[in-house]
Amino acid sequence: MIRLEGVCKSFDGVEVLRDVSFAVPARGTLGLVGAGGAGKSLILKLLCGLVRPDRGRVWLGETELGPLSERELMGVRGRIGMIFQNYALFDYLTVADNIGFPLARMQRPAAEIAARVQTRLDQVHLPDIGPRYPRELSGGMKKRVCLARATVHDPPIMLCDDPTAGLDPVTTNRIFRLLKDLQAQNDATAIIVSHETAYLRPICDAIALLDRGRLVFAGPTEAALQHPEVRAFMEAGVRPAQAR
Amino acid sequence: MSEPSTLGGLARELRAQIGDTIDVGRQAAWYLVRGRWDWPAIFAQAHEIGVRSVFFVIVCLGFLGAIINLQAGFQATRIIGDASLIGQQAMPLVVRLLGPTLTGMMVATRVGTGIAAEIGSMVVTEQVDALRMNRAPPAEYLVKPRLVACMVMVPALTTIGITAAFFAGMLVAAVGFGTNPGTYADFDVVVGLDLIEGMVKAAAYGVAIPIIAATAGLRARGGSEGVGEATTQAVVAASLAVIVLDFLISGAVFFLR
Amino acid sequence: MTALGRFGGAVLDICRVVGALTLFCGAVLRALLPPRADRVETWRALHRVGVRSLPIVIVTAFFAGGIAAIQVSTYVTKFRAYEAVGWGFGFVTFRELGPLLVGLMFSGRVGAHNTAELGTMKVTEQIDALRILAIDPVHFLVLPRIVAMLVMMTLLNVIGNVFALGGGMLTAYAMVGVDPFVFWNSFTEYVMLADFINGLVKAAAFGLAIGIVSCSFGLEVRGGAPGVGRAVNSGVVVSAVSIFVLDYLITAILQ
Numbered sequence: 008m009i010r011l012e013g014v015c016k017s018f019d020g021v022e023v024l025r026d027v028s029f030a031v032p033a034r035g036t037l038g039l040v041g042a043g044g045a046g047k048s049l050i051l052k053l054l055c056g057l058v059r060p061d062r063g064r065v066w067l068g069e070t071e072l073g074p075l076s077e078r079e080l081m082g083v084r085g086r087i088g089m090i091f092q093n094y095a096l097f098d099y100l101t102v103a104d105n106i107g108f109p110l111a112r113m114q115r116p117a118a119e120i121a122a123r124v125q126t127r128l129d130q131v132h133l134p135d136i137g138p139r140y141p142r143e144l145s146g147g148m149k150k151r152v153c154l155a156r157a158t159v160h161d162p163p164i165m166l167c168d169d170p171t172a173g174l175d176p177v178t179t180n181r182i183f184r185l186l187k188d189l190q191a192q193n194d195a196t197a198i199i200v201s202h203e204t205a206y207l208r209p210i211c212d213a214i215a216l217l218d219r220g221r222l223v224f225a226g227p228t229e230a231a232l233q234h235p236e237v238r239a240f241m242e243a244g245v246r247p248a249q250a251r
Numbered sequence: 006m007s008e009p010s011t012l013g014g015l016a017r018e019l020r021a022q023i024g025d026t027i028d029v030g031r032q033a034a035w036y037l038v039r040g041r042w043d044w045p046a047i048f049a050q051a052h053e054i055g056v057r058s059v060f061f062v063i064v065c066l067g068f069l070g071a072i073i074n075l076q077a078g079f080q081a082t083r084i085i086g087d088a089s090l091i092g093q094q095a096m097p098l099v100v101r102l103l104g105p106t107l108t109g110m111m112v113a114t115r116v117g118t119g120i121a122a123e124i125g126s127m128v129v130t131e132q133v134d135a136l137r138m139n140r141a142p143p144a145e146y147l148v149k150p151r152l153v154a155c156m157v158m159v160p161a162l163t164t165i166g167i168t169a170a171f172f173a174g175m176l177v178a179a180v181g182f183g184t185n186p187g188t189y190a191d192f193d194v195v196v197g198l199d200l201i202e203g204m205v206k207a208a209a210y211g212v213a214i215p216i217i218a219a220t221a222g223l224r225a226r227g228g229s230e231g232v233g234e235a236t237t238q239a240v241v242a243a244s245l246a247v248i249v250l251d252f253l254i255s256g257a258v259f260f261l262r
Numbered sequence: 013m014t015a016l017g018r019f020g021g022a023v024l025d026i027c028r029v030v031g032a033l034t035l036f037c038g039a040v041l042r043a044l045l046p047p048r049a050d051r052v053e054t055w056r057a058l059h060r061v062g063v064r065s066l067p068i069v070i071v072t073a074f075f076a077g078g079i080a081a082i083q084v085s086t087y088v089t090k091f092r093a094y095e096a097v098g099w100g101f102g103f104v105t106f107r108e109l110g111p112l113l114v115g116l117m118f119s120g121r122v123g124a125h126n127t128a129e130l131g132t133m134k135v136t137e138q139i140d141a142l143r144i145l146a147i148d149p150v151h152f153l154v155l156p157r158i159v160a161m162l163v164m165m166t167l168l169n170v171i172g173n174v175f176a177l178g179g180g181m182l183t184a185y186a187m188v189g190v191d192p193f194v195f196w197n198s199f200t201e202y203v204m205l206a207d208f209i210n211g212l213v214k215a216a217a218f219g220l221a222i223g224i225v226s227c228s229f230g231l232e233v234r235g236g237a238p239g240v241g242r243a244v245n246s247g248v249v250v251s252a253v254s255i256f257v258l259d260y261l262i263t264a265i266l267q
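Which chain is which? The protein sequence lines are U, E and S, in order. Here this note's numbering is used: the first residue of the first sequence is 8, the next is one more, and so on. Here this note's numbering is used: the first residue of the second sequence is 6, the next is one more, and so on. Here this note's numbering is used: the first residue of the third sequence is 13, the next is one more, and so on.
Treat the hints as calculated values from the structure; they're not laboratory data. Glycine included, C-beta positions come from ideal geometry on N, C-alpha and C. There may be inaccurate statements among the hints.
One side of the interface only, derived from the structure: several residues of chain U facing chain E at Cβ under 10 Å [to be verified]:
no., residue
1, 80
2, 82
3, 87
4, 97
5, 114
6, 156
Could you put together the complete structure from these sequences and hints?
Laid out in structure tokens, this is it:
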């Protein structure tokens with residue numbers, strides 16, 4: 008479903024990704040972990056075609072992104088729901104208009120948009136905040152609105168860039184449960200970038216560990232936990248006191 | 006981003022900037038013909054760019070009109086001892102050069118920084134990425150409404166600015182040098198070509214400023230520092246474009262005359 | 013009623029800006045007694061301001077000279093007074109167009125950058141960090157920058173005049189066929205020291221105004237990256253208005 012092959016990318020002469028290859032099967036869930044600056048966010052942007060690789064190839068389903076023009080990519084991106092690290096909610100639009108934005112750009116009828124926006128707002132347990140603006144919301148509420156916007160058009164692919172950054176444990180738990188529910192509802196394939204390794208383990212079929220732009224390991228969760236480096240990384244998050 | 010500390014550095018930065026500007030301009034032109042017409046967004050931009058600049062343009066161009074007539078008046082009284090004709094000397098200059106160009110620079114200052122700051126903030130907070138994810142290419146969704154609004158509003162603001170300069174100049178001429186307002190307002194000295202020259206310049210600035218400013222905003226990287234850098238770049242590049250376009254159009258009209 | 017309300021709001025905004033600037037000038041003046049600008053910072057600011065704006069001033073002045081020469085040529089060819097071209101050019105460029113355009117460009121390049129820099133320091137709490145170290149931001153950040161802009165704007169105007177002269181001579185020669193020697197003679201004969209000094213005084217005043225306005229707006233930034241953008245926007249707008257107002261006042265006074 009999602010496949011990277013030998014992807015390399017540099018910025019200003021600094022190699023940020025080095026020969027990265029992995030694949031996620033349809034309806035699978037991949038947990039992408041690694042220290043800050045390892046290139047995790049960049050991989051998600053490569054998968055949307057927001058950034059183009061220097062070398063290597065990227066497939067979404069049967070489509071290879073490399074040869075597509077920016078206008079052709081627009082169509083491919085309609086199949087992706089992206090949750091941005093810093094919310095990326097449009098601050099000049101209300102919450103309802105934010106969530107309805109993908110549908111409005113697909114020129115769906117207003118009544119349909121309103122109905123689907125309300126469904127999503129109910130699902131993320133924020134039924135009444137439609138008319139408010141993003142700046143009035145707390146971090147956890149913004150993340151949930153972001154989740155609602157990313158999934159409002161029922162995308163078959165979900166990319167989540169640290170969906171629980173800076174949130175308390177209760178909210179974190181809630182966000183991961185929502186993510187899983189929405190993924191199940193759409194039969195979607197998902198890649199989740201996160202540092203919350205304890206939450207990732209039960210919901211991911213596979214784990215990939217990046218270290219300074221190099222892929223250390225990518226494979227099923229069980230196998231990953233046998234790999235020493237992945238295991239060290241995953242358990243450092245679970246038992247920080249002992250790891251130190 | 007390398008500091009453009011030398012002429013060579015400036016040239017390199019300019020080349021990258023010009024390349025990106027042409028790219029954004031080409032995309033905006035494509036969407037201008039083929040894209041959607043988001044009228045609410047266009048009117049909102051027209052309000053922000055046009056209506057909210059009126060006061061600023063009137064103040065600046067009013068003072069400019071006063072300054073020009075003051076200078077012309079002092080020279081005229083010193084050399085010919087008669088300041089009755091200063092309006093006729095100053096008006097063509099205001100209509101074809103100072104009116105459009107200083108209005109253009111004022112728009113580059115107020116609107117150019119505004120566009121770059123707004124789009125730059127959207128880039129650094131990933132909102133532009135979110136747009137690109139949702140079939141809203143920045144050239145269509147962000148640049149086009151601003152471009153359309155500027156194409157209409159810059160000539161309109163120029164007209165308002167010239168009018169402000171005219172009346173402020175008339176006041177200075179009448180109060181400072183005793184020039185008869187009737188003699189001052191001799192419209193025969195402004196020929197059709199002056200008007201055309203002024204409006205061609207205004208239209209050219211109306212196209213150049215939003216595209217240059219939007220490009221600067223889209224090139225923003227990093228946090229608040231990146232937004233500040235983009236804003237600075239926008240005002241400098243847009244002002245410089247105004248001056249260079251003025252030079253080119255003035256030159257072309259000089260040969261037509 | 014809303015129109016009236018909006019007008020009142022605009023008037024209040026203007027009063028607020030003027031009031032804030034006046035208070036800021038007060039703080040700067042207090043810091044001048046006795047003058048305690050940080051010497052190292054001042055040299056660094058002078059260097060940065062000069063280096064940052066020299067290329068753009070040269071390009072601007074060159075084109076400003078060209079524009080002035082085209083306009084003067086229009087008059088000159090009408091009256092067939094080719095020997096007046098240098099005078100008309102010098103008068104227009106040195107007194108008005110040169111300082112005005114260079115001032116606006118300087119405001120965009122240096123003033124806007126300064127507002128953005130101080131604004132970023134403000135939103136990232138660097139200014140508070142200075143205060144905690146018992147360093148007065150006015151002495152350490154503001155005064156050096158104002159001094160640098162005042163000095164550099166004046167010097168750059170002199171350099172700009174030279175390049176404007178070059179641009180004017182080149183354009184007059186290429187377009188109207190005015191011999192550069194005729195241009196130069198008419199220029200040296202009619203353009204007086206007063207024209208030059210008039211422009212220099214204006215440039216100094218613009219530099220001072222840009223320094224005060226850009227620092228004041230930078231230090232008042234609130235609200236993250238969008239706040240910095242907004243502050244730069246209002247800073248360059250207020251700088252432009254003060255340039256025009258000062259230009260008028262100096263023109264009226266210096267006669």
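Tested hints:
Restraint check, residue 80 of chain U versus chain E: the minimum CB separation of about 8 Å is within 10 Å; hint holds. A cut of 10 Å between beta carbons decides the hint on residue 82 of chain U: the least distance to chain E is about 8 Å, and the hint holds. Hint on residue 87 of chain U holds. Least Cβ distance to chain E is approximately 7 Å, under the 10 Å limit. Nearest Cβ of chain E to the Cβ of residue 97 of chain U: about 6 Å, under the 10 Å cut. The hint holds.
The restraint placing residue 114 of chain U at the interface with chain E holds, with a minimum CB-CB distance near 9 Å, inside the 10 Å limit. Using the Cβ-Cβ criterion of 10 Å, the hint placing residue 156 of chain U at the interface with chain E is satisfied: the shortest such distance is roughly 8 Å.
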